[in-house]
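K.L.:
Construct the entire structure; sequences and hints are all you get.
Protein chains in written order, with the working numbering: chain U, 1 to 275; chain C, 1 to 235.
Hints in this document: simulated from the structure, not taken from any laboratory.
All clues stand as given, with none of them false.
In silico SDA-like links for lysine to any residue, alpha-carbon gap of 20 angstroms or less:
#	chain 1	residue 1	chain 2	residue 2
1	U	K208	C	S7
2	U	K72	U	L91
3	U	K153	U	E95
4	C	K135	C	D125
5	U	K72	C	V90
6	U	K72	C	S86
7	U	K72	C	G92
8	U	K239	C	L91
9	U	K239	C	G89
10	U	K72	C	G172
Fair warning: this is a prediction, and the values are worked out from it, not measured in the lab.
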Amino acid sequence: MNRKAGLIVGFCMVVSTALTLGGQSAAQDHILLQSTTSTQNSGLYEHLLPLFEKQSGIQVRVVAVGTGQAIKNARNCDGDVLLVHAKAAELAFVEEGSGTVRHDLMYNDFVLVGPATDPAGIKGMMKIGAALEKIARARAAFVSRGDNSGTHKKETALWAATDVDPVGYSGTWYRETGSGMGATLNTASAMDAYALTDRATWISFGNKADHIVLIEGDPDLFNQYGVILVNKERCPNIKDRAGQQFIDWLLSPQGQGAIGRYRLNGEQLFYPNGS
Amino acid sequence: MQDFAASFLEAFQLVLGFNSGLLEIVWLSLKVSMTAVVVAAIIGLPIGAFLAVSRFPGRGIIIVTVTAMMGLPPVVVGLVVYLLLSNAGVLGPLQLLYTPTAMIIAQTILVVPIIAALARQTLEDLNVEYRDQLKLFGLGSFARLRTLLWEGRYSLMTTLLAGFGRAVAEVGAVIIVGGNINHVTRVMTTTIALETSKGNLALALGLGIVLVVIAFTINALAFLLRAAAERSAYV
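P.N.:
Right, here's the structure in full:
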């Protein structure tokens, strides 16, 4: 009996240790940011968040997943603030009552990257739609995120404006990785394939191999990032005051200035246009 | 091949540079996985021991189930734990999602079947060997179990190491329930996944080498411990 009691006491001790492990940090003042990956992979948060944390004393914890996943997590109330790049989905998120107000935060653009040899011969084309059609006609390998992320939504919209339905060719020249931007770019590198990516991820990406930017500058490639506070009425647990403080700071001259000042390899990755 | 050479260099630089960020990540990895193994042992060893010595209808089914659960996909476990701990889930009020505790819970679920199934086999074999002797001594069932656990301690240590190997190497569960939050829930494997997604393949592989070295060190320590214990047993 004694031994059993010992076991039970031991078990309780371990569990309580485990709980404190998690509890320790939870006691601090922090908010949870459900985010797209490009802002994390490009190092933007490492530049921005310490500035905000120093000023406010609020720690921002970033969970970086694809835009689709981030919205789902926020819908489950597992985040205080949402920072993604798929305007239609963001507006729907607010519309359904999951979020309060959507603010424009910053923008950059998408680029179409591909092997320098350019098998479909699209380099120098001005319109992304025409370039995609040419890739489809050439049946040149194209790697898609296929994961309902912001970039994937954008790519789907760009294809929809052409007369090609690439999903019908899935598994042949059109390849859906169902993974994040980085994994998809790694695949594109290895397959000598074309891919659509946001510029921030591309500039910070370390495994470009012989891939280069082939199409850029088309207004259709505009990439707007938005920020939304999760709705406390639907999610009573969220920290609306700290979350709003973070959003206010991002949209303030200070936050916007910090976004505009961020450089990677000498290049500006994000252009503030907060509203 | 260039990547391999570069990654060994990265690994050396990581270790020699004694990067405090790396230390934090390694420490959290060990803390999470070791806690998970301890909790899993407390749950799994009694299950294994019970299945080893008892006979009851349906025992076969349970053994097959526990053994099959050794193959639980970490992503699925991560997803289930996420759904439970999410604010939209039944355990949401505990506010455990995106904490090391959530990672410990997920890894514990992955490790319990390994420990229970392997311990069951070890103890059952031992029981066959010692059954008559133990009966002869007239020991009660609890004392008998204690003897079996003690006699099987070295094999059981390997069982725990197998569990630890599973825990420390998996990424699918902890990245979902931990969220790979810098300074909070970022461990070795999620860092490797992150660096891979950034295209920093050499750095990712370098971190992988560090992880293997850590696993090697722990296993070597366990081996030495056993060797020392066996030597002293024969003196």
